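Asker: Residues per chain, in single letters:
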Amino acid sequence: MNKTGGLILKLLLVFIFFFPILWIIFSSLKPQSELFTFPLSIFPDNPTLENYREALKSGDFIRYFYNSTFVAVVSTVITITINIMAGYALSKYIFKGRDTIFFIMIATLMIPLQVILVPIFILEKNLGLLNSLWGIIIPPAATPTGIFLARQYMMTIPNSLIEAARIDGGGEWFIFHRIIVPLAKPIIATIAIFSFMWRWNDFLWPFIVIAKQKKYTLQLALANFVGQYDIDWSKLLSMTVISIIPLIIVFLIFQKYFIKGMTSGGVKY
Amino acid sequence: MKKNRMPHSSFHQLRAPLLFLAPNMLIFFIFIIIPAISGLRMSLYDWSILGGHSFTGFANYIDLIKDSSFWKSLGNTIRYVLLTVPLLTASALGVALIVSGQEKGISIFRGFYYLPTMLSFIIVGISWRWILGDEIGILNYIITSTGGETIRWLTSPAMATASLIFITVWAQTGFYMVMFVGGLQAIPDTLFEAAKIDGANKFQIFRSIKFPMIRPTMLVVLVLATINAFKAFELIFVLTKGGPGTATKFLVQSIYQVAFEEDRMGYASSMAVVLMIVIGILTFIQFRMNKKEYSNE
Numbered sequence: 001m002n003k004t005g006g007l008i009l010k011l012l013l014v015f016i017f018f019f020p021i022l023w024i025i026f027s028s029l030k031p032q033s034e035l036f037t038f039p040l041s042i043f044p045d046n047p048t049l050e051n052y053r054e055a056l057k058s059g060d061f062i063r064y065f066y067n068s069t070f071v072a073v074v075s076t077v078i079t080i081t082i083n084i085m086a087g088y089a090l091s092k093y094i095f096k097g098r099d100t101i102f103f104i105m106i107a108t109l110m111i112p113l114q115v116i117l118v119p120i121f122i123l124e125k126n127l128g129l130l131n132s133l134w135g136i137i138i139p140p141a142a143t144p145t146g147i148f149l150a151r152q153y154m155m156t157i158p159n160s161l162i163e164a165a166r167i168d169g170g171g172e173w174f175i176f177h178r179i180i181v182p183l184a185k186p187i188i189a190t191i192a193i194f195s196f197m198w199r200w201n202d203f204l205w206p207f208i209v210i211a212k213q214k215k216y217t218l219q220l221a222l223a224n225f226v227g228q229y230d231i232d233w234s235k236l237l238s239m240t241v242i243s244i245i246p247l248i249i250v251f252l253i254f255q256k257y258f259i260k261g262m263t264s265g266g267v268k269y
Numbered sequence: 001m002k003k004n005r006m007p008h009s010s011f012h013q014l015r016a017p018l019l020f021l022a023p024n025m026l027i028f029f030i031f032i033i034i035p036a037i038s039g040l041r042m043s044l045y046d047w048s049i050l051g052g053h054s055f056t057g058f059a060n061y062i063d064l065i066k067d068s069s070f071w072k073s074l075g076n077t078i079r080y081v082l083l084t085v086p087l088l089t090a091s092a093l094g095v096a097l098i099v100s101g102q103e104k105g106i107s108i109f110r111g112f113y114y115l116p117t118m119l120s121f122i123i124v125g126i127s128w129r130w131i132l133g134d135e136i137g138i139l140n141y142i143i144t145s146t147g148g149e150t151i152r153w154l155t156s157p158a159m160a161t162a163s164l165i166f167i168t169v170w171a172q173t174g175f176y177m178v179m180f181v182g183g184l185q186a187i188p189d190t191l192f193e194a195a196k197i198d199g200a201n202k203f204q205i206f207r208s209i210k211f212p213m214i215r216p217t218m219l220v221v222l223v224l225a226t227i228n229a230f231k232a233f234e235l236i237f238v239l240t241k242g243g244p245g246t247a248t249k250f251l252v253q254s255i256y257q258v259a260f261e262e263d264r265m266g267y268a269s270s271m272a273v274v275l276m277i278v279i280g281i282l283t284f285i286q287f288r289m290n291k292k293e294y295s296n297e
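One line per chain: the protein sequences are A and B, in this order.
The working numbering puts the first residue of the first sequence at 1, with every later residue one more than the last.
The working numbering puts the first residue of the second sequence at 1, with every later residue one more than the last.
Simulated from the structure, these hints should not be mistaken for lab results.
Because the structure is a prediction, the values reported are computed rather than measured.
No residue lacks a Cβ here, since even glycine has one placed at the ideal position from N, Cα and C.
Any given hint might turn out to be false.
Stated by the list, open to error - Covered stretches of chain B (chain A as the covering partner; in silico rule of three or more C-beta atoms under 8 Å from a C-beta of chain A):
{"#": "1", "region": "97–109"}
{"#": "2", "region": "114–120"}
{"#": "3", "region": "236–248"}
To be verified - Straight-line distance between alpha carbons at most 30 Å, and here's what the computed DSS-like set of lysine-lysine pairs gives:
{"#": "4", "chain 1": "B", "residue 1": "K241", "chain 2": "B", "residue 2": "K66"}
{"#": "5", "chain 1": "A", "residue 1": "K212", "chain 2": "A", "residue 2": "K57"}
{"#": "6", "chain 1": "B", "residue 1": "K104", "chain 2": "A", "residue 2": "K185"}
{"#": "7", "chain 1": "B", "residue 1": "K249", "chain 2": "A", "residue 2": "K235"}
{"#": "8", "chain 1": "A", "residue 1": "K125", "chain 2": "B", "residue 2": "K241"}
{"#": "9", "chain 1": "B", "residue 1": "K231", "chain 2": "A", "residue 2": "K125"}
{"#": "10", "chain 1": "A", "residue 1": "K10", "chain 2": "B", "residue 2": "K196"}
{"#": "11", "chain 1": "B", "residue 1": "K241", "chain 2": "A", "residue 2": "K214"}
{"#": "12", "chain 1": "A", "residue 1": "K3", "chain 2": "B", "residue 2": "K231"}
{"#": "13", "chain 1": "A", "residue 1": "K212", "chain 2": "B", "residue 2": "K231"}
{"#": "14", "chain 1": "B", "residue 1": "K231", "chain 2": "A", "residue 2": "K214"}
{"#": "15", "chain 1": "B", "residue 1": "K202", "chain 2": "B", "residue 2": "K66"}
{"#": "16", "chain 1": "B", "residue 1": "K72", "chain 2": "B", "residue 2": "K249"}
{"#": "17", "chain 1": "B", "residue 1": "K66", "chain 2": "B", "residue 2": "K196"}
{"#": "18", "chain 1": "A", "residue 1": "K235", "chain 2": "A", "residue 2": "K212"}
{"#": "19", "chain 1": "A", "residue 1": "K185", "chain 2": "A", "residue 2": "K125"}
{"#": "20", "chain 1": "B", "residue 1": "K202", "chain 2": "B", "residue 2": "K104"}
{"#": "21", "chain 1": "A", "residue 1": "K215", "chain 2": "B", "residue 2": "K231"}
{"#": "22", "chain 1": "A", "residue 1": "K212", "chain 2": "B", "residue 2": "K249"}
{"#": "23", "chain 1": "B", "residue 1": "K104", "chain 2": "A", "residue 2": "K10"}
{"#": "24", "chain 1": "A", "residue 1": "K212", "chain 2": "B", "residue 2": "K241"}
{"#": "25", "chain 1": "A", "residue 1": "K215", "chain 2": "A", "residue 2": "K235"}
{"#": "26", "chain 1": "B", "residue 1": "K249", "chain 2": "B", "residue 2": "K231"}
{"#": "27", "chain 1": "A", "residue 1": "K215", "chain 2": "A", "residue 2": "K57"}
{"#": "28", "chain 1": "B", "residue 1": "K231", "chain 2": "B", "residue 2": "K241"}
{"#": "29", "chain 1": "A", "residue 1": "K215", "chain 2": "A", "residue 2": "K125"}
{"#": "30", "chain 1": "B", "residue 1": "K104", "chain 2": "A", "residue 2": "K3"}
{"#": "31", "chain 1": "A", "residue 1": "K235", "chain 2": "B", "residue 2": "K241"}
{"#": "32", "chain 1": "A", "residue 1": "K10", "chain 2": "B", "residue 2": "K202"}
{"#": "33", "chain 1": "B", "residue 1": "K241", "chain 2": "A", "residue 2": "K215"}
{"#": "34", "chain 1": "A", "residue 1": "K185", "chain 2": "A", "residue 2": "K96"}
{"#": "35", "chain 1": "B", "residue 1": "K249", "chain 2": "A", "residue 2": "K215"}
{"#": "36", "chain 1": "A", "residue 1": "K125", "chain 2": "B", "residue 2": "K249"}
{"#": "37", "chain 1": "B", "residue 1": "K196", "chain 2": "A", "residue 2": "K3"}
What the hints assert, rightly or not - So the derived label-pair ranges between C-beta atoms look like this:
{"#": "38", "chain 1": "B", "residue 1": "G101", "chain 2": "A", "residue 2": "L40", "range": "35 to 41 Å"}
{"#": "39", "chain 1": "A", "residue 1": "P39", "chain 2": "B", "residue 2": "A200", "range": "47 to 53 Å"}
{"#": "40", "chain 1": "B", "residue 1": "A200", "chain 2": "A", "residue 2": "V14", "range": "28 to 34 Å"}
Next comes chain A alone, as it looks inside the complex:
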């Protein structure tokens, strides 16, 4: 394949993978009247932010956005904290049963939410977590993938640093949060990105746990919206675009990082 042919192929693939996203963005900028009039134009003739204004005007949407943000941010903070702690314990201590614990934690991947929908619902009900955002924050916060990534990364931290700190009289917790955590920043960033994306995009957990409309996350609200008979497309499209924005921001900031992390971490799962 020559150079031009290769470039054309690459651009064609950009079209295939990017056009659908671009198309909802363009459509969301069309006034309601233009959305269904033929002939269709790719670009909006009279671009407007009216649909966005409409979407943001309804207090519900703001609430869903807030719920999603709250869930994604709080869950990510918890995930980072406990996964980094676990990764440290599994890589820098020697004790009986360590490898068994690690194996069991990884083996929980065998039991995704899809196969325990029913008992999870009953458990959350019994714990009083139904219709609570905490019911979708805490259970998925412990991630085998995060533990795995943290452990792999920490195995590269030299033991001598830890030993030196112990000789200086540093306690275990002090060593963890003053020496290990600063050194683990790259892996913390990686886990943070993944966790935020997972939680922001999550549908199944809220679908099982949340029934009250006030507690809907964006994904739940969007799915509910599209399930109605008469879909208000102009509003739905703008809501969809808004709900992508946080991900795009995360993606642009961490793009280089992200693809790298994916290649090292993604291979496992």
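We have chain A already, so just place chain B on it with the hints.
Answerer: The following block gives chain B in isolation, referenced to the frame of chain A:
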């Protein structure tokens, strides 16, 4: 590392690591291990939220064997898996081969191909419903304005499955592409140099060097894509709701409906156990393939 093995080094501790592990272990125990066990138990009961529960042994499983709607959704799921996984793997490998190089600007292309992977299934579903709509979609608009007939992408049984498969491939190619790119970039350059000196063409290089070298990656991708296809739910929920009729009703949706719409929690649990076994076996195979990664050495 030898020092580590010495008894009574400062790394031999028990209390500190267990405290560090406690939060994760607690969550896994409460929200995965206990539910898994209680799911197994519930599958042996006639269990409903409204009507209480009674032990019925293997009755649910016997009913399952005779349940044509269960077989239908299992069949739908398996057909979807068997069609999606090879297409997705081929698509991801194909794209990876195009952008596995190191030339300037190539990561921008990779970024574009990766983008759909970042969207939630709900958003992927909404976007494609907008594109594939019978009356409103741009695709049918293009087809009809060039003289074709409207195609019922999501509302005719045959097309709905095909659309679903295509959209899955579209949405996940980027994820597996990244794995393949990683595998391709790990091939030592000396192999290519040697092949070039021997006068190998591009196809020969692919067949004799790239393909054998990325086989491990490909196996992981195949297993992972299979697991994910068995778990499919969200995309269907937004695109077709399992329809038209039951043409795209898959296992997870059946479990959900039996449990929460029919309030037959015990029976739904027996269906879930079937899925648990399938995913368990596949995940186990995945572990075996990655064995080296999980051991400590």
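Asker: Each hint: holds or not?
Answerer: Hint by hint, here is what the structure shows:
no.: 1; hint: 97–109; in the structure: holds (count 4)
no.: 2; hint: 114–120; in the structure: holds (count 6)
no.: 3; hint: 236–248; in the structure: holds (count 3)
no.: 4; hint: K241(B) <-> K66(B); in the structure: 24 Å, holds
no.: 5; hint: K212(A) <-> K57(A); in the structure: 21 Å, holds
no.: 6; hint: K104(B) <-> K185(A); in the structure: 28 Å, holds
no.: 7; hint: K249(B) <-> K235(A); in the structure: 28 Å, holds
no.: 8; hint: K125(A) <-> K241(B); in the structure: 26 Å, holds
no.: 9; hint: K231(B) <-> K125(A); in the structure: 24 Å, holds
no.: 10; hint: K10(A) <-> K196(B); in the structure: 25 Å, holds
no.: 11; hint: K241(B) <-> K214(A); in the structure: 24 Å, holds
no.: 12; hint: K3(A) <-> K231(B); in the structure: 40 Å, violated
no.: 13; hint: K212(A) <-> K231(B); in the structure: 25 Å, holds
no.: 14; hint: K231(B) <-> K214(A); in the structure: 28 Å, holds
no.: 15; hint: K202(B) <-> K66(B); in the structure: 54 Å, violated
no.: 16; hint: K72(B) <-> K249(B); in the structure: 8 Å, holds
no.: 17; hint: K66(B) <-> K196(B); in the structure: 61 Å, violated
no.: 18; hint: K235(A) <-> K212(A); in the structure: 21 Å, holds
no.: 19; hint: K185(A) <-> K125(A); in the structure: 37 Å, violated
no.: 20; hint: K202(B) <-> K104(B); in the structure: 21 Å, holds
no.: 21; hint: K215(A) <-> K231(B); in the structure: 25 Å, holds
no.: 22; hint: K212(A) <-> K249(B); in the structure: 26 Å, holds
no.: 23; hint: K104(B) <-> K10(A); in the structure: 14 Å, holds
no.: 24; hint: K212(A) <-> K241(B); in the structure: 21 Å, holds
no.: 25; hint: K215(A) <-> K235(A); in the structure: 20 Å, holds
no.: 26; hint: K249(B) <-> K231(B); in the structure: 12 Å, holds
no.: 27; hint: K215(A) <-> K57(A); in the structure: 18 Å, holds
no.: 28; hint: K231(B) <-> K241(B); in the structure: 15 Å, holds
no.: 29; hint: K215(A) <-> K125(A); in the structure: 16 Å, holds
no.: 30; hint: K104(B) <-> K3(A); in the structure: 14 Å, holds
no.: 31; hint: K235(A) <-> K241(B); in the structure: 21 Å, holds
no.: 32; hint: K10(A) <-> K202(B); in the structure: 18 Å, holds
no.: 33; hint: K241(B) <-> K215(A); in the structure: 23 Å, holds
no.: 34; hint: K185(A) <-> K96(A); in the structure: 29 Å, holds
no.: 35; hint: K249(B) <-> K215(A); in the structure: 28 Å, holds
no.: 36; hint: K125(A) <-> K249(B); in the structure: 27 Å, holds
no.: 37; hint: K196(B) <-> K3(A); in the structure: 19 Å, holds
no.: 38; hint: G101(B) <-> L40(A): 35 to 41 Å; in the structure: 37 Å, holds
no.: 39; hint: P39(A) <-> A200(B): 47 to 53 Å; in the structure: 51 Å, holds
no.: 40; hint: A200(B) <-> V14(A): 28 to 34 Å; in the structure: 30 Å, holds
Consistency with the previously given hints fails for numbers 12, 15, 17, 19, ordered from lowest to highest.
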